[in-house]
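Number of protein chains: 2
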Amino acid sequence: MSIETLSGQSEKAYALLKEDAQKILNLIEVQMSNLTMPQCPLYEEVLDTQMFGLSREIDFAIRLNLIKEEEGKGLLDQLEKELSALHEACLREKNK
Amino acid sequence: MSIETLSGQSEKAYALLKEDAQKILNLIEVQMSNLTMPQCPLYEEVLDTQMFGLSREIDFAIRLNLIKEEEGKGLLDQLEKELSALHEACLREKNK
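Residue numbers (our numbering), protein chains in the order written: chain A, 1 to 96; chain B, 1 to 96.
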């Protein structure tokens with residue numbers, strides 16, 4: 001029972017972190033599609049703060065042994081990849 | 001056993017959050033005492049980012065039912081009180 005409960009907590013922790021990563025992606029997507037500047041918006045500041053917040057959450061989950069260090073790194077890497085794809089798509093769109 | 005394990009996790013979560021709050025306080029203290037500008041340094045940006053990170057951790061712990069909402073709010077309130085006391089002491093020092 002105790003192992004089940006803890007593994008339930010781990011799953012929940014991982015799911016919450018994935019959800020938060022998705023929220024950042026959505027936020028940035030909205031920002032990009034709503035700004036019509038010639039260059040893509042200087043969204044770096046918002047992004048940096050959001051990424052910092054997520055990395056604090058991930059670090060906290062690792063210190064509580066809820067997720068593995070690799071899992072946390074994987075979440076951040078995946079988000080960075082998706083953000084970078086979004087940014088490139090945005091640049092292509094504006095340069096048309 | 002399962003309750004014990006979960007309550008152990010809760011205690012650990014709370015202790016980690018307190019530790020992180022203390023780290024922010026120390027960081028700000030070092031910043032203030034090392035800068036010799038006539039006014040206290042514009043440390044707001046660093047502070048905002050750090051506070052945002054901590055509030056994300058606290059929110060995460062609440063969503064995992066590791067700490068209560070009041071406990072989380074208490075941690076942030078306490079830190080804000082200590083930071084404000086530090087800031088006032090710093091202003092008094094510089095105005096001497």
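The reader is advised that the hints may include incorrect statements.
Which copy is meant is left open, so a pair is good if it fits within one copy or across any two.
[To be verified] Straight line, CA to CA, 16 Å or less: simulated EDC-like cross-link-like pairs of lysine to aspartate or glutamate:
1. 12 x 93
2. 23 x 59
3. 18 x 59
4. 96 x 80
By construction, these hints were calculated from the structure, which means they are not laboratory data.
Evaluated hints:
{"no.": "1", "hint": "12 x 93", "result": "neither (37 Å within a copy, 48 Å between copies)"}
{"no.": "2", "hint": "23 x 59", "result": "between (18 Å within a copy, 15 Å between copies)"}
{"no.": "3", "hint": "18 x 59", "result": "both (14 Å within a copy, 15 Å between copies)"}
{"no.": "4", "hint": "96 x 80", "result": "neither (25 Å within a copy, 49 Å between copies)"}
Of the numbered hints listed earlier, those contradicted by the structure are 1 and 4.
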